[in-house]
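**Student:** Please build the complex by placing chains W, U, G, P and R with the ligands on the supplied structure of chain X, with the hints as guidance.
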Amino acid sequence: MSHDLILQNILTPPVLFFFLGTLAVFFRSDLEIPAPLPKLFSLYLLLAIGFKGGIELQKSGFGGQVLPTVLAAIAMSLLIPLICFVILRLKLDVFNAAAIAAAYGSISAVTFITAESFLASQEIPFDGFMVAALALMESPAIIVGLLLVKLGAPKNRPNGRVMKWRSILHESMLNGSVYLLLGSLLIGFLTASNNPIGVEKMNPFTDKLFYGAECFFLLDMGIVAAQRLPGLKKAGSFLILFAILIPLLNAFIGIFVAQLLSLNQGNALLFAVLCASASYLAVPAAMRMTVPEAKASYYISTTLGLTFPFNIVIGIPIYMGLVNKFIPSIG
Amino acid sequence: MSHDLILQNILTPPVLFFFLGTLAVFFRSDLEIPAPLPKLFSLYLLLAIGFKGGIELQKSGFGGQVLPTVLAAIAMSLLIPLICFVILRLKLDVFNAAAIAAAYGSISAVTFITAESFLASQEIPFDGFMVAALALMESPAIIVGLLLVKLGAPKNRPNGRVMKWRSILHESMLNGSVYLLLGSLLIGFLTASNNPIGVEKMNPFTDKLFYGAECFFLLDMGIVAAQRLPGLKKAGSFLILFAILIPLLNAFIGIFVAQLLSLNQGNALLFAVLCASASYLAVPAAMRMTVPEAKASYYISTTLGLTFPFNIVIGIPIYMGLVNKFIPSIG
Amino acid sequence: MSHDLILQNILTPPVLFFFLGTLAVFFRSDLEIPAPLPKLFSLYLLLAIGFKGGIELQKSGFGGQVLPTVLAAIAMSLLIPLICFVILRLKLDVFNAAAIAAAYGSISAVTFITAESFLASQEIPFDGFMVAALALMESPAIIVGLLLVKLGAPKNRPNGRVMKWRSILHESMLNGSVYLLLGSLLIGFLTASNNPIGVEKMNPFTDKLFYGAECFFLLDMGIVAAQRLPGLKKAGSFLILFAILIPLLNAFIGIFVAQLLSLNQGNALLFAVLCASASYLAVPAAMRMTVPEAKASYYISTTLGLTFPFNIVIGIPIYMGLVNKFIPSIG
Amino acid sequence: MKRLDLIFSERELDAILEALEAAEVPGYTVMKHATGKGPQTICSEDMEFTGLGTNAHVIVFCDIELIEKIRENIRSILNYYGGVAYISEAIEM
Amino acid sequence: MKRLDLIFSERELDAILEALEAAEVPGYTVMKHATGKGPQTICSEDMEFTGLGTNAHVIVFCDIELIEKIRENIRSILNYYGGVAYISEAIEM
Amino acid sequence: MKRLDLIFSERELDAILEALEAAEVPGYTVMKHATGKGPQTICSEDMEFTGLGTNAHVIVFCDIELIEKIRENIRSILNYYGGVAYISEAIEM
Ligand SMILES: Nc1ncnc2c1ncn2[C@@H]1O[C@H](COP(=O)(O)O)[C@@H](O)[C@H]1O
Ligand SMILES: Nc1ncnc2c1ncn2[C@@H]1O[C@H](COP(=O)(O)O)[C@@H](O)[C@H]1O
Ligand SMILES: Nc1ncnc2c1ncn2[C@@H]1O[C@H](COP(=O)(O)O)[C@@H](O)[C@H]1O
Ligand code: NA
Ligand code: NA
Ligand code: NA
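Chains as they are written, first to last, in the numbering used here: chain X, 1 to 331; chain W, 332 to 662; chain U, 663 to 993; chain G, 994 to 1086; chain P, 1087 to 1179; chain R, 1180 to 1272.
None of these hints come from the bench; they were simulated from the model. Some hints here could point you the wrong way.
Only pairs whose alpha carbons sit at most 16 Å apart, straight line, appear in this in silico EDC-like list of lysine to aspartate or glutamate [claimed, not checked]:
(1) X/K155 x X/E32
(2) P/K1088 x P/E1175
(3) G/K995 x R/D1184
(4) R/K1181 x G/E1017
(5) P/K1118 x W/E363
(6) G/K1030 x P/D1100
(7) G/K1025 x R/E1224
(8) R/K1211 x P/E1131
(9) U/K870 x X/D207
(10) R/K1216 x G/E1017
(11) W/K370 x U/E694
(12) R/K1211 x X/E293
(13) X/K208 x U/E694
(14) W/K486 x W/E363
(15) G/K1025 x G/D998
(16) X/K208 x W/D538
(17) R/K1211 x G/E1085
(18) P/K1123 x R/E1203
(19) G/K1030 x P/E1104
Going by beta-carbon spacing under 8 Å, a handful of chain R positions derived as facing chain P [as the list claims (entries may be wrong)]:
(20) M1180
(21) G1206
(22) I1270
Quick list of the computed label-pair ranges, beta carbon to beta carbon [what the hints assert, rightly or not]:
(23) U/S722 x R/D1193: 53 to 59 Å
(24) G/N1066 x W/S498: 16 to 22 Å
(25) R/S1255 x X/D93: 41 to 47 Å
(26) P/E1178 x W/G567: 43 to 49 Å
(27) P/S1162 x X/L7: 54 to 60 Å
(28) R/A1194 x G/M994: 21 to 27 Å
(29) R/P1205 x G/E1058: 33 to 39 Å
Glycine included, each C-beta is placed from N, C-alpha and C at the ideal position.
Chain X with its partners taken away, still in its complex shape (with noise of 0.2 Å):
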């Protein structure tokens, strides 16, 4: 049944798109989607997501499972990094530990709405509100990450680094993708509750063109992460395993914790995928500027070069699979 999802899955324009991409690099082709470019697919989405989310939750309210999910899904961001930290600690130091670990608290939000594609191809009902859990879940991570360099850090780092409070919270608040997501999240709930004329005539552009960007954003992002595999080699295998096992580890916690919440299938898929899926814009940006002694090398091409495109391909139908066992349907 899995296998069958898995081909499902694969048909679906994103996922095609995704191939396009990473078949170019394997072909040599010239292709390229040049800077910035590419940062313009990636702020659209985000401004996307984050409106049409603000949107669903002012239309929800905070009642029923909104509340106890939302709080779900931050305890998640915060206790991922620490199995994530206590596993990658065997073989690498605590800068590396904590920088991968802080990726994988964190979410990817084009493997949100990935899943998201894939949930409205199978006709399976989501709720909104989800995209309010995606984006409370990219700051606790990040707050976490610093807090295990802070405090696991060899007391000989030179002054300039020893690690602040107030940056702590700067590079995990007020990171650009995280205040585009958390800021136009606010903005769409104020326009849904003051100005529906607003939410009207923003439709054409953060929802129905929305499909088709994630596409063209895909096939960028097959180029990019079948770029960074040879740097997958460098990392070695214990980092090439880790990838590729965390997430099911994740996604396995996820659908238990939306068993207990009693999600509705979609909800649940959505649940497992945003504790799965690894962060690569948000994290490492932070990263690189509070803890420039972890290897971007490291937490990029695990993340991009090989999560990611596993959950886009595989994980998520396999997640769909294990929600079936799982989680029972409604209809």
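**Tutor:** Same frame as chain X, but now just chains W, U, G, P and R with the ligands:
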């Protein structure tokens, strides 16, 4: 009552995204919209504004209020620079005074469309031919500015710098943004007259997408405007006062003229906004070429760092309040 | 009658925006669309053309006229370079003759979509499978061009430059724009077969937005084409004549073949346009890599500076006039 | 051989390149989108969309005689509009 | 006159420019979007959208005394975060 | 220490960087999107979207011995495809 309008204006997506950008700078977030993405959006907005305006102009024809309104707008763009020049000469030399005066005689297309969005969210009708007024207010203001330099400049300007009519006309009519706006207006007009299918096929691009693209651009404008504020301090309190009081004065004159023209409330607001807003695209580029003696930081920080945010956030609702007082509502 | 068609063609938005760009250069306006924005639009157009073509191909299947038409198109892209080569060798060396010949055997996607827009505004039906013909005409022309070099080049070409089959195939199939077009065609096909929801969700991006993006791109093409004109003077009158007469000849042959295939009027026009148009994206890039001896300014100024504008502005209506004469209307 | 580095607003690019071509320099390279600060002016990235234009950095490898030929012309442009020009030694590889 | 070439991650651009301004250099030019490779790290184009940031190339024409003034400050930034700094001769045109 | 400036079409970037890496240079910096003019060819901005590619400017700070090692390889590429290479003096800051 104006208070109410200000709040309603602030809670529209364009203004909220503008704030999001401004706050990003104050909080020192690393949110950034790299070049040439802002250029993409400004080109798009000019093209779309022009094209839609051309269609409306073709629909309305040149009868009724259209011709008087457009002529009055041109007159305002000749008159306002003269008023501003006299005031600015109190403290500034001819070059700087002329350059700033030209900027305030000209218009800001984004302020105009924000006013349109405000009217739409208030469900107040307005006419599309106002875009023709917008398009025709840029060149005259540049011409007046350059004439003021030609007449007022010290005799010892280097030879190559003696202003020629040819280059005055070139800079005022063929400046990139003026040219694109006027050209798109003409294309919209021609298309509406000859090719209704073409009008319809352009609609998703020039019309449906517009509001979202406006929000995205205002996010960037928020960043840019906030970055301009420190430059204002250097400009001194005279220019700071000028940048806030002159829009009010010009809007007041504008509403007076609108009353003479018996414009309806929506058109009267747009007319006031055209008078009150200042150019940070066409005019600075033209001045940089022809009057390098003027300090770019002066005419950019005043128009972009102060007048633009002032108009967007509180100017528009204040002018609406005045319009409500002086212009009879039709309904 | 052709006169009428020319006027009707000129009054469509794409052609009008092309003129706007051209005139910007003639009037020395500083209107500019900075890199990489033109790349964004060309990538978008290729992706959208391919995707929509794939959907249509899936709808039509390979029966009826589809296979014969596509095979005839491939045959044309093999034949036309040979004809052109013979003519070009009268004045040019092997390298330049082969490179230009390949460009004219290949196609211009933007010319094709301008022809589609022309048909739409004339309300003449045509079939989506013609895009498959378009997609399959690029590689063969490149292969013929490189073979001509391989066979005709002087024996003293440096060793590293002896053309290998591997690199001929690589350049012809994996060139960025060929790859994106073919890949998107395949994705459109697969999506239409397996995921009707996906087709619908892509529609606002690939279909609704298309016409506007085409206009924006043509604005830039107008600028670029006009900038290429001075380069034409250096190329000499032989190449100038070639760049105007060869499209006519090729269109003529194309209409003859279309008649043999009993294509309807719309498809016949598109077939003629495919034959008449010349590549300025895929072929130049491939030639630059493999035949650096050929002058880029030759194959770029002829295709982009002359043949492209000629086809866009007067070629298409002229070919339509011929189609009207030689191909029976169905209605 | 000399290396000439010119940095100035891209608005003057056409004029500078004309001066170079008139002197028949063997070649030049242009890098746009440079920003920076001079004695009086600041050039920031947002000048790209306001139409003011950012800086261009032009590199010319050529003989000292050619530099003498263009010196006056270039200096007069830079003096009026701003910008810097520096010469250093370079040897062809 | 000297020419100072600094190449480092744009993430440190603010700190470096502060150091330059504090020393009151007569001016500087910044070119962003540079990529490259150093002894340990690689900087590629896709670092632009992941937020890691590509390199900046900063050029300063100034007197040797000014370079002495900023040397320590700049070196400590480059030693910690990576990046290179080289000095060569230049004569004003 | 020497400074090597290479300017050539970005189409040859991979080949040039391979040559540099094979010689184990300590590092290099790449700036793309350069345009320019050489003895025969012009490289303009619109070559970016036609796929012809604009120029790349590569800077390498390294010892003279390394330059000798790569000289032949690099020269053969530049001679065939076009491009320039110049060496100047530089001192680490
Ligand atoms: N000392 C300097 N070193 C490097 N670049 C400079 C220097 N002075 C000026 N520039 C560049 O030249 C541009 C024009 O400067 P200005 O002559 O002040 O208008 C500045 O924006 C800088 O990019
Ligand atoms: N020897 C070198 N020559 C030119 N650029 C260099 C050299 N070494 C390092 N770089 C540049 O400096 C950046 C930072 O290098 P690193 O000090 O290794 O972090 C690299 O990405 C290169 O762009
Ligand atoms: N004398 C020169 N000074 C600076 N750049 C040059 C010079 N000659 C050539 N170039 C650059 O090298 C590129 C290739 O030139 P070419 O060798 O003519 O193909 C040109 O596009 C210029 O960017
Ligand atoms: Na996660
Ligand atoms: Na005004
Ligand atoms: Na053809």
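**Student:** Provide an ascending list of the numbers of those earlier hints which the structure does not satisfy.
**Tutor:** Going through the list in order, the structure violates hints 1, 4, 12, 13, 14, 17, 23 and 26 and respects the others.
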